[in-house]
Amino acid sequence: MDSVYSVNKTNKRLKSKNKLKSDGVVFNIVNNLIMIILCIIMLYPMLNTLAISFNDGLDTVRGGIYLWPRMFTLHNYRVVLHMDTIYNAFIISVVKTIVIVVTNLFFTSMLAYALSRKEYIFRKPITTIFVLTMYFNAGLIPNYMLIKNLGMINTFAVYWIPNIISAFNLIVIRTYIKTIPESLIESARMDGAREFRIFIQIVMPLIVPTLATIALFVAVGSWNSWFDTFLYNSGKQELSTLQYELQKLLASAMQAGQRTPAGGTGANAAAAAGASNTSTPQAVRAAITIVTAVPILLVYPFLQRYFITGLAIGSVKE
Amino acid sequence: MATNIQALPGKKKGFWSIVASQRELILMSVPLMLYKILFSYVPIVGWTMAFQNYKPAIRSIWKQKWVGFDNFVKLFTGVNGARFIRDIVNTMGQSILTLVLGYIFAIVLALLMNEMKNGPFKRIVQNISYMPHFLSWIIVCGLVSTMLAVPSSGGIVNDILMRLHLIKEPIMFLAEPKYFWGIVAGSNLWKELGWNTIIYLAAMTAIDPSLYEAAVMDGASRWQKMWYITLPGIKSTIVVLLIMSTGQILEAGFEIQYFLGNGLVVDKSETIDIFVLTYGMRLGNYSLATVAGIFKSVVSITLVSLANFISGKLGEEKLI
Numbered sequence: 001m002d003s004v005y006s007v008n009k010t011n012k013r014l015k016s017k018n019k020l021k022s023d024g025v026v027f028n029i030v031n032n033l034i035m036i037i038l039c040i041i042m043l044y045p046m047l048n049t050l051a052i053s054f055n056d057g058l059d060t061v062r063g064g065i066y067l068w069p070r071m072f073t074l075h076n077y078r079v080v081l082h083m084d085t086i087y088n089a090f091i092i093s094v095v096k097t098i099v100i101v102v103t104n105l106f107f108t109s110m111l112a113y114a115l116s117r118k119e120y121i122f123r124k125p126i127t128t129i130f131v132l133t134m135y136f137n138a139g140l141i142p143n144y145m146l147i148k149n150l151g152m153i154n155t156f157a158v159y160w161i162p163n164i165i166s167a168f169n170l171i172v173i174r175t176y177i178k179t180i181p182e183s184l185i186e187s188a189r190m191d192g193a194r195e196f197r198i199f200i201q202i203v204m205p206l207i208v209p210t211l212a213t214i215a216l217f218v219a220v221g222s223w224n225s226w227f228d229t230f231l232y233n234s235g236k237q238e239l240s241t242l243q244y245e246l247q248k249l250l251a252s253a254m255q256a257g258q259r260t261p262a263g264g265t266g267a268n269a270a271a272a273a274g275a276s277n278t279s280t281p282q283a284v285r286a287a288i289t290i291v292t293a294v295p296i297l298l299v300y301p302f303l304q305r306y307f308i309t310g311l312a313i314g315s316v317k318e
Numbered sequence: 001m002a003t004n005i006q007a008l009p010g011k012k013k014g015f016w017s018i019v020a021s022q023r024e025l026i027l028m029s030v031p032l033m034l035y036k037i038l039f040s041y042v043p044i045v046g047w048t049m050a051f052q053n054y055k056p057a058i059r060s061i062w063k064q065k066w067v068g069f070d071n072f073v074k075l076f077t078g079v080n081g082a083r084f085i086r087d088i089v090n091t092m093g094q095s096i097l098t099l100v101l102g103y104i105f106a107i108v109l110a111l112l113m114n115e116m117k118n119g120p121f122k123r124i125v126q127n128i129s130y131m132p133h134f135l136s137w138i139i140v141c142g143l144v145s146t147m148l149a150v151p152s153s154g155g156i157v158n159d160i161l162m163r164l165h166l167i168k169e170p171i172m173f174l175a176e177p178k179y180f181w182g183i184v185a186g187s188n189l190w191k192e193l194g195w196n197t198i199i200y201l202a203a204m205t206a207i208d209p210s211l212y213e214a215a216v217m218d219g220a221s222r223w224q225k226m227w228y229i230t231l232p233g234i235k236s237t238i239v240v241l242l243i244m245s246t247g248q249i250l251e252a253g254f255e256i257q258y259f260l261g262n263g264l265v266v267d268k269s270e271t272i273d274i275f276v277l278t279y280g281m282r283l284g285n286y287s288l289a290t291v292a293g294i295f296k297s298v299v300s301i302t303l304v305s306l307a308n309f310i311s312g313k314l315g316e317e318k319l320i
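If you read the sequences in order, they're chains A and B.
At position 315 of the first sequence the residue is numbered 315 (this note's numbering), and the sequence of numbers has no breaks.
At position 122 of the second sequence the residue is numbered 122 (this note's numbering), and the sequence of numbers has no breaks.
Simulated from the structure, these hints should not be mistaken for laboratory data.
From a predicted model like this one, the values you see are computed outputs, not experimental measurements.
Hints may be right or wrong, so weigh each one.
Under the rule of at most 20 angstroms between Cα atoms (straight-line distance), these lysine to any residue pairs were calculated in the SDA-like manner [unchecked claim]:
| id | chain 1 | residue 1 | chain 2 | residue 2 |
| --- | --- | --- | --- | --- |
| 1 | A | 118 | B | 178 |
| 2 | A | 118 | B | 18 |
| 3 | A | 124 | B | 14 |
| 4 | A | 118 | B | 168 |
| 5 | A | 148 | B | 15 |
| 6 | A | 148 | B | 59 |
| 7 | A | 118 | B | 21 |
| 8 | A | 148 | B | 62 |
| 9 | B | 122 | A | 28 |
| 10 | B | 122 | A | 301 |
| 11 | B | 63 | A | 149 |
| 12 | A | 124 | B | 47 |
| 13 | B | 122 | A | 238 |
| 14 | B | 13 | A | 306 |
| 15 | A | 148 | B | 35 |
| 16 | A | 124 | B | 33 |
| 17 | A | 118 | B | 23 |
| 18 | A | 124 | B | 58 |
| 19 | A | 148 | B | 64 |
| 20 | B | 117 | A | 178 |
| 21 | B | 122 | A | 39 |
| 22 | B | 122 | A | 178 |
| 23 | A | 148 | B | 13 |
| 24 | B | 55 | A | 149 |
| 25 | A | 148 | B | 44 |
| 26 | B | 178 | B | 101 |
| 27 | B | 13 | A | 117 |
| 28 | A | 178 | B | 282 |
| 29 | B | 117 | A | 25 |
| 30 | B | 168 | A | 77 |
| 31 | B | 117 | A | 295 |
| 32 | B | 122 | A | 38 |
| 33 | A | 248 | B | 282 |
| 34 | A | 148 | B | 282 |
| 35 | B | 122 | A | 168 |
| 36 | A | 248 | B | 13 |
| 37 | A | 148 | A | 36 |
| 38 | A | 124 | B | 282 |
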């Protein structure tokens, strides 16, 4: 808003601007202080985890690790990378995310294109069928029964097939496609292009900014999900995901925590970690947390521009 | 209904000839519609389990014993009833606390961020505040349990409270029922606070700058500008979001209660979703779990319709 004040500097305004400045200095200092505290609160838990993941496991048990490792080691990461289950889960998580992003974006935008055509005879009923699903859900048990009856329990298919279209993203993309000038599509049709080719060659390139936003949301959702693995694929270790492996570690830590409130400590814990006597479940968990979080934390700052405009489009209804 | 514009000039163009001329659009959409019907509407057939004494051993859903509304009665009476009603209270308590805190803090933070000078510092602060939104609930639950642990296990909260001499002994946050709702609301606040400011900040950029100019001319202070211009400027956004969130009142999340809830705090932690999971997947009582699910769906749809109606009455945009 500062630029606003610099327009038309009349005397009167200069005076009020000076008055504003003095009352603004204290405000700015306090405000910036609040923001710094906010950043510390937001960052500390992850930085603490990062420090623990690089600290010697047994040393961590002594307490007092805040932002910096006391006894630096890469051992915890070495342990994690040598756990076959984690390595495999990482691959499954990556493949699953890529498959979901590609199929979801393709099918959702294809449908959005069809439903953006005003002349399309089934436009209304199909839109209604999709929009309604945003407001109700058959529930956990009926959904589970369906997946079971389709024979998709313990298969990779259960990760992506139920997720190829989301109603909300459909509305967002359709809203965006409607802003494309009709003349562009019309002229392509004159040249003899069929609908599918118009969608691929003309519409797709024009909606890339929206697709980038939605790709980010879908990717984050897929990468972070664990319930599908837990519910449908927990019986098959080869299909386990990173989040689910982390969840299992966390669950066992919580149970241990209930018995001994101080958390897994000492020899027991080290023995449980297996590979070495300087790594504890706490340290391994910290390392896996970092491995799980880093891919997304590396990507999102670069997409900030996109998701903010994307949210703005999403908030515009129909 | 959308009458076909292209069809009008010819007048006589029948339904089937339109279908034929739009076969590509149909090919692009109808299979996906059938897919959606299979995955979102067909499972509703499973609601018949609510009226049966469902035994998984009997394969066919139609050969089960029909019991009418017995399961609905069972859900609200006796031992199950006491448990389910407790879970409704917990669900609503947690979600309302989360919503109220989330709203107030997000609006205040957005107001403060809006007062910052545009520059790298503001961008960094915003980016950091969005960060927790991208972490999974599994990670967040792990962080929360560490932060709330005893100081020797890295519990920074107890550490700070003890150094400030506010407490003498560390508090076992996760073992005391009275803290649980607060922990749910606090975790949600940490995770979504920055993210929730985005929509308000976007609404603030739409406020006409000449309003601020005029206020400055009249000698308005910073607080007065925030109170009389910025806040009224985002009022409709606040109202719409508030109304929309009524449909979320039975959605208290799942992961925190599932991971951080334990035997000691179950009276305050168990929610409807956990009830459904426990009865359905663990105890194998599909019928009761389905009834609980139906209850949740029906209440949610009712609330959304109500919110939509109120929104229309208030002259705001209809949401559906």
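Open item on the list: Tell me if the straight-line CA distance from residue 148/A to residue 62/B falls inside 20 angstroms.
Closed with: holds (17 angstroms)
**Message:** Against the 20 angstroms threshold, does the CA-CA distance of residue 118/A and residue 18/B hold or violate the hint?
**Reply:** Roughly 13 angstroms between the alpha carbons, so the hint for residue 118/A and residue 18/B holds.
Regarding the pair residue 122/B and residue 238/A, is the alpha-carbon distance no greater than 20 angstroms? Distance of about 44 angstroms is beyond 20 angstroms: violated.
(message) Checking one constraint from the list: CA of residue 124/A to CA of residue 14/B, max 20 angstroms. Satisfied?
(response) holds (18 angstroms)
Restraint status (C-alpha distance of residue 148/A to residue 36/A at most 20 angstroms)
The hint is violated at about 50 angstroms.
Given pair status - residue 282/B, residue 148/A, alpha carbons within 20 angstroms = Cα-Cα ~16 angstroms, so holds.
Holds or violated: residue 178/B to residue 101/B, with C-alpha atoms at most 20 angstroms apart
holds (17 angstroms)
Assess, step by step, whether the Cα of residue 124/A is no farther than 20 angstroms from the Cα of residue 58/B, and give holds or violated. violated (40 angstroms)
Pair hint residue 148/A and residue 44/B, alpha-carbon separation not exceeding 20 angstroms | holds (15 angstroms)
Given the hint that residue 122/B pairs with residue 38/A, does the C-alpha gap stay at or below 20 angstroms?
holds (12 angstroms)
Check: Given the hinted pair residue 118/A and residue 23/B, is their alpha-carbon gap at most 20 angstroms?
Finding: holds (15 angstroms)
- Query: Given the hint that residue 148/A pairs with residue 15/B, does the C-alpha gap stay at or below 20 angstroms?
  - Reply: Outside the cut-off at roughly 39 angstroms; violated.
The structure fails to meet hints 1, 4, 5, 12, 13, 14, 18, 20, 22, 23, 28, 30, 31, 35, 36, 37 and 38 from the earlier list, while all remaining hints are met.
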